[in-house]
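Protein chains: 2
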Amino acid sequence: MDGDPPQVVIVGAGFGGLWAARALAKEDVAVRLLDKNNYHTFLPLLYQVAAAELEPGLIARPVRGLVSRQANARFAMADVQRIDLDQQVVYSADRTFPYDYLILAPGSVNYFFGVPGAASHSFTLKSVEEGVALRNHVLRCVERASQLPEKEAGERQRLLTFVVVGGGPTGVEFSGALAELLFQPLVKDFPELRLKQEARVILLEATGRLLQGVGGGEYAQRRLAAMGVEVRLNATVAEISADAVLLASGEALATASPIWTAGVSGAPLASEPPLERVRGGRIPVRPTLQALHHDNVFVVGDSVYLEQDGAMLPGVAQVAMQQGDHAARNIAAMRLGLPPQPFRYRDKGAMATIGRNAAVAQVRGRLFTGFIAWLIWLAVHIFFLIGFRNRLAVLLNWAWDYLFYESAVRLILPNRAD
Amino acid sequence: MDGDPPQVVIVGAGFGGLWAARALAKEDVAVRLLDKNNYHTFLPLLYQVAAAELEPGLIARPVRGLVSRQANARFAMADVQRIDLDQQVVYSADRTFPYDYLILAPGSVNYFFGVPGAASHSFTLKSVEEGVALRNHVLRCVERASQLPEKEAGERQRLLTFVVVGGGPTGVEFSGALAELLFQPLVKDFPELRLKQEARVILLEATGRLLQGVGGGEYAQRRLAAMGVEVRLNATVAEISADAVLLASGEALATASPIWTAGVSGAPLASEPPLERVRGGRIPVRPTLQALHHDNVFVVGDSVYLEQDGAMLPGVAQVAMQQGDHAARNIAAMRLGLPPQPFRYRDKGAMATIGRNAAVAQVRGRLFTGFIAWLIWLAVHIFFLIGFRNRLAVLLNWAWDYLFYESAVRLILPNRAD
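The listed protein sequences correspond, in order, to chains A and B. Residue numbers for the first sequence, in our numbering: 1 to 418. Residue numbers for the second sequence, in our numbering: 1001 to 1418.
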């Protein structure tokens, strides 16, 4: 027998990769976790960074701090360039990571369905960098509008119109948080504007209902309307230009701020031979989460294409965590000569917050709305927020916002993505 | 009489500008506060951002939030391009701000005394942007060192050597905080390195004593040495290259991280006619803080050249606050037809923290060192930290670090200055 434990390389320190690493803690393997950032991002709260409610650092945790207590795991900050599936080696710009088992958890990237101008003109919400860039942009638009004379009414209106594309959880949550920012703390900050009359938040959804897959769409629509968000259903975006969002109906919404939350696809990963990709750029896998032609390669999280009961599994944190955990267990089984087991997703629910005291939560098939749903949302997010100090700091921030109708971090801080 | 109140334009929302705006709250004037950022930076704690102890947002407060309760004050985010002192107009890129009284509080910028390579190769600590860039750089250096094989010992050593130039408060405080970061949390984060043996923090001071102007230099030197900082007195920097700091003695210190804290000069401001500049790029003023040839122009803070009892006033927050306040009072006096009064700085003390439980504090001529000085330092900084939530959050962060020997924010977050 070989004295060295087998190498398990994990690409990506999101929910899937991190949960896989943790599930291997007690196995006799050497875990090598790779990510291009040195932090794990708690993406479910990114919209609050973009709405100036939370500091970016509060939704990010250093990966090394998370795995340093795990004796068999090491982290390396590395941007993976190429994977040789035959030689079993992962390449970064300046290093090589040979593996016995590979877990791919690269996550997803924004996807624009070929809508002209969408990729180049939209703001997006898939990374801390994008969240901070959007926050800076929103605050700059209001600042610039406040410096324009009244007679430039058209440009003022364009700067104060925010168009959110996509009525899923991210679109609903960001629209609500943005309306709270504009119509509460910024009203006080900008006495030279009449934001309550002048600012517009428009949420566009291509289907006939918000929050598909979560439920509570009608409730969310009513609540958003009460908060000042204009919700438009069956509104398809035909094109996005530098100064407007064009609808399929022919209508043009003049805006300096199109925010795209309408789609993602599996993150690209260069491998030899290439892994097959299907709908949404996702990688099809066997029920065991193994790649189709490579027994020792597992794929987990947003980049996986896997159906269950006839429907594709959604790209949410819960699926990624359960898959990461499952891939790790299958590697442990294979090490013992046992067959890997098929993955089965256990849906514990879905939720979206809409604003102060208002949310939608679907828990094991039961739908809750309003304050009770908001409390569920709060409890779940605090529970899963990684790192105790972050939990405390986020709670403190929220308590403050809640008590004083304030928004913490209205700072236009330097950011490379600007 | 004219119905409109006179316009007071204040350039810069640092300590000088902000205190001037506040002191005008009850006067019958229209205050217009300008800054290129939309936030006020609490510079005395910037070194903690660079040492990954505090989130950047915790030392920055939105200026609009600070002045929004002051009925006669308005803020505009504006990068001042030019000032016409004859026409009495301040120009930004796209706006004009006419004034009756002008308070210039542009602060200071890094100054390198013509040392070759210093400006292009050094990291500095004068803005949130620079603080975050330095934090990212330090963490990247350690990360890169951890990925180098043992045989590349020279490059590993260079990446793990940090050379701080300047033994004033900023240099002493940053050296101490950097040593605490490297020799405590990062030791746990990087089991693949032996940071306690491999990492070096070297503090260079050109004179024979640390903390000139504060006192307690010998105490600071002993404490820093105990924390693992190599303090070198009478060490003059001759040149800084991309991979080393060269001393006048001929010695070369191989480093990827020269950090310059050794000098500042008055921030540039283009005016017509130009304001005279003297030593350190500072603007000489009359004892009343009025510009030499313009009765209605006041200069306050780091950019002022003013002597008191034969010595130049130091570029510290206290001087700026007192001058901002004084300039505002003189404007109020002039409005009543009274003569402006000469400024007199009342030195309430000076201090520097060196690390856990250790500081130097000079209060009204008495020198304190050690734990008691650290408590004084803590109380003063918490008291002056603007914004109640920030105070609470910073205290929470510090308490956590203190109890758990942890460092909060070891994140390499995107930043434009990188």
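Just so you know, the hints here were simulated from the structure itself, not pulled from any lab data. There may be inaccurate statements among the hints.
[As the list claims (entries may be wrong)] Computed list of lysine-lysine pairs in DSS-like fashion (alpha-carbon distance at most 27 Å, straight line):
no., chain 1, residue 1, chain 2, residue 2
1, B, Lys1026, B, Lys1036
2, A, Lys36, A, Lys26
3, B, Lys1348, A, Lys36
4, B, Lys1151, A, Lys188
5, B, Lys1188, A, Lys26
6, B, Lys1348, B, Lys1126
7, B, Lys1036, B, Lys1126
8, B, Lys1151, B, Lys1196
9, A, Lys151, A, Lys188
10, A, Lys151, B, Lys1036
11, A, Lys126, A, Lys36
12, B, Lys1036, A, Lys188
13, B, Lys1151, B, Lys1188
14, A, Lys188, A, Lys126
15, A, Lys348, A, Lys126
16, B, Lys1188, A, Lys36
[Said to hold, decoys possible] Simulated DEER-style distance windows between Cβ atoms:
no., chain 1, residue 1, chain 2, residue 2, range
17, B, Ala1311, A, Leu395, 28 to 36 Å
18, B, Pro1098, A, Arg144, 51 to 59 Å
19, A, Ser241, B, Arg1069, 39 to 47 Å
20, B, Ala1153, A, Ala333, 39 to 47 Å
Heads up, the beta-carbon is just placed ideally off N, CA and C, and yes, glycines get one too.
Hint by hint, here is what the structure shows:
1. B/Lys1026 <-> B/Lys1036: Roughly 26 Å between the alpha carbons, so the hint for B/Lys1026 and B/Lys1036 holds.
2. A/Lys36 <-> A/Lys26: Since the Cα atoms of A/Lys36 and A/Lys26 sit roughly 26 Å apart, the hinted pair holds (cutoff 27 Å).
3. B/Lys1348 <-> A/Lys36: 48 Å, violated
4. B/Lys1151 <-> A/Lys188: At roughly 60 Å apart (the allowed maximum being 27 Å), A/Lys188 and B/Lys1151 break the hint.
5. B/Lys1188 <-> A/Lys26: 20 Å, holds
6. B/Lys1348 <-> B/Lys1126: With Cα atoms ~23 Å apart, B/Lys1348 and B/Lys1126 stay inside 27 Å; holds.
7. B/Lys1036 <-> B/Lys1126: 14 Å, holds
8. B/Lys1151 <-> B/Lys1196: Answer holds: B/Lys1151 to B/Lys1196 is near 19 Å, not above 27 Å.
9. A/Lys151 <-> A/Lys188: At roughly 23 Å apart (the allowed maximum being 27 Å), A/Lys188 and A/Lys151 satisfy the hint.
10. A/Lys151 <-> B/Lys1036: 25 Å, holds
11. A/Lys126 <-> A/Lys36: The hint holds at about 14 Å.
12. B/Lys1036 <-> A/Lys188: Holds - the C-alpha atoms of A/Lys188 and B/Lys1036 are around 21 Å apart, at most 27 Å.
13. B/Lys1151 <-> B/Lys1188: 23 Å, holds
14. A/Lys188 <-> A/Lys126: 30 Å, violated
15. A/Lys348 <-> A/Lys126: 23 Å, holds
16. B/Lys1188 <-> A/Lys36: Answer holds: B/Lys1188 to A/Lys36 is near 21 Å, not above 27 Å.
17. B/Ala1311 <-> A/Leu395: 28 to 36 Å: 49 Å, violated
18. B/Pro1098 <-> A/Arg144: 51 to 59 Å: 21 Å, violated
19. A/Ser241 <-> B/Arg1069: 39 to 47 Å: Since A/Ser241 and B/Arg1069 have Cβ atoms about 40 Å apart, the given range 39 to 47 Å holds.
20. B/Ala1153 <-> A/Ala333: 39 to 47 Å: 42 Å, holds
The structure is inconsistent with the numbered hints 3, 4, 14, 17, 18, although it conforms to all the rest.
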